[in-house]
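Student: Sequence:
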Amino acid sequence: KAFPSMLMILDAKTGSLVKSVKLQNVDGSMYYGHAGGVASSGNYIFVTSDYSARTIAIETLEKAKDGDTVQFTSDFKINTKGSFANVYSEILWVGDFIESTPAERSKVSNVTTINSGETFYAYCEGYNLKDGLPKIDKINSTRDGYIPDIMLAIPEQVQGMTRTLSGGFIFSTSYGRKNNSVIKVFNDVTEGDKVGTVTVDGVEVDLYACDELETKITYTAPPMSQGIESVNGTIFLLFESGASKYRSGGG
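In our numbering, each number is its position in the sequence shown, counted from 1, plus 121.
No lab work stands behind these hints: they were computed from the structure. A hint or two may mislead.
Claimed, not checked - Here are the simulated DSS-like cross-link-like pairs (lysine-lysine), alpha carbons at most 25 Å apart as the crow flies:
{"#": "1", "residue 1": "Lys198", "residue 2": "Lys140"}
{"#": "2", "residue 1": "Lys134", "residue 2": "Lys186"}
{"#": "3", "residue 1": "Lys140", "residue 2": "Lys337"}
{"#": "4", "residue 1": "Lys259", "residue 2": "Lys315"}
{"#": "5", "residue 1": "Lys143", "residue 2": "Lys366"}
{"#": "6", "residue 1": "Lys198", "residue 2": "Lys251"}
{"#": "7", "residue 1": "Lys315", "residue 2": "Lys256"}
{"#": "8", "residue 1": "Lys366", "residue 2": "Lys299"}
{"#": "9", "residue 1": "Lys184", "residue 2": "Lys134"}
{"#": "10", "residue 1": "Lys299", "residue 2": "Lys315"}
{"#": "11", "residue 1": "Lys140", "residue 2": "Lys186"}
{"#": "12", "residue 1": "Lys251", "residue 2": "Lys184"}
{"#": "13", "residue 1": "Lys143", "residue 2": "Lys198"}
{"#": "14", "residue 1": "Lys198", "residue 2": "Lys259"}
{"#": "15", "residue 1": "Lys184", "residue 2": "Lys143"}
{"#": "16", "residue 1": "Lys228", "residue 2": "Lys198"}
{"#": "17", "residue 1": "Lys134", "residue 2": "Lys198"}
{"#": "18", "residue 1": "Lys143", "residue 2": "Lys186"}
Using the sequences and the hints, build the whole thing.
Tutor: Written out as structure tokens, the structure is:
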């Protein structure tokens, strides 16, 4: 890539661009990653992709000027691809994007089939936060990541997720310039029975499923929906199809 990955800060009220900054790894090299997930815990920004989560202290971002290079404060390994990220009620959620094709499903080693017969190939993990970061007592045996507090089996092609005010889960699912997006809303599955466990670093983590029986409603949306966020009951949805590359139907 010719340019490193960048983080754009917008004014929430006006939508105007406040500043954009280039991202730098903890080791000082420039970050060229996908940055599939971006979320804020209040104290830190999480940038996730490629089975890793990277953090930036909010105060560092606030001090940065437009065009500056901002170095990640820390990084740690995660157990999913980190294709999307969200923080809600002091829980960091990160998870997988899996394309809905037999070829991609065949690459998944951890497949879950529940009693209803529904099969899952993608997962989302939740980390309880303290002071904006995963709790230190959940650090793994190699000290390069954390044991999640909860796991979800989730739909395929998830590009973003958030929670409803009542605790339900909302997933933005899409793939392809010419295919409609589907916004899927589920009940709070964590209030029901777990469907199994996932072993992470020798620890059994409870697994819950966002299955068809727990689906509350689905919405059809324009192609290429990506990140989704809930702010005081209002849902914000980002579309990749708004990028210059795709506006005239390319991609």
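Student: Indicate, hint by hint, whether the structure satisfies it.
Tutor: A quick look at each hint next to the structure:
1. Lys198 with Lys140: Distance ~28 Å between Lys198 and Lys140 Cα, so the pair is violated.
2. Lys134 with Lys186: Holds: Lys134 and Lys186 sit about 20 Å apart, inside 25 Å.
3. Lys140 with Lys337: Between Lys140 and Lys337 the Cα gap is close to 38 Å, so the pair fails against 25 Å, i.e. violated.
4. Lys259 with Lys315: 21 Å, holds
5. Lys143 with Lys366: Status holds; Cα separation ~21 Å.
6. Lys198 with Lys251: 18 Å, holds
7. Lys315 with Lys256: 23 Å, holds
8. Lys366 with Lys299: 14 Å, holds
9. Lys184 with Lys134: Status holds; Cα separation ~21 Å.
10. Lys299 with Lys315: 36 Å, violated
11. Lys140 with Lys186: 7 Å, holds
12. Lys251 with Lys184: This hinted pair holds, its Cα atoms lying about 24 Å apart.
13. Lys143 with Lys198: 22 Å, holds
14. Lys198 with Lys259: It holds: about 13 Å lies between the C-alpha atoms, which stays within 25 Å.
15. Lys184 with Lys143: With a Cα-Cα distance of about 14 Å, the restraint between Lys184 and Lys143 holds, given a limit of 25 Å.
16. Lys228 with Lys198: 20 Å, holds
17. Lys134 with Lys198: This hinted pair is violated, its Cα atoms lying about 34 Å apart.
18. Lys143 with Lys186: It holds: about 11 Å lies between the C-alpha atoms, which stays within 25 Å.
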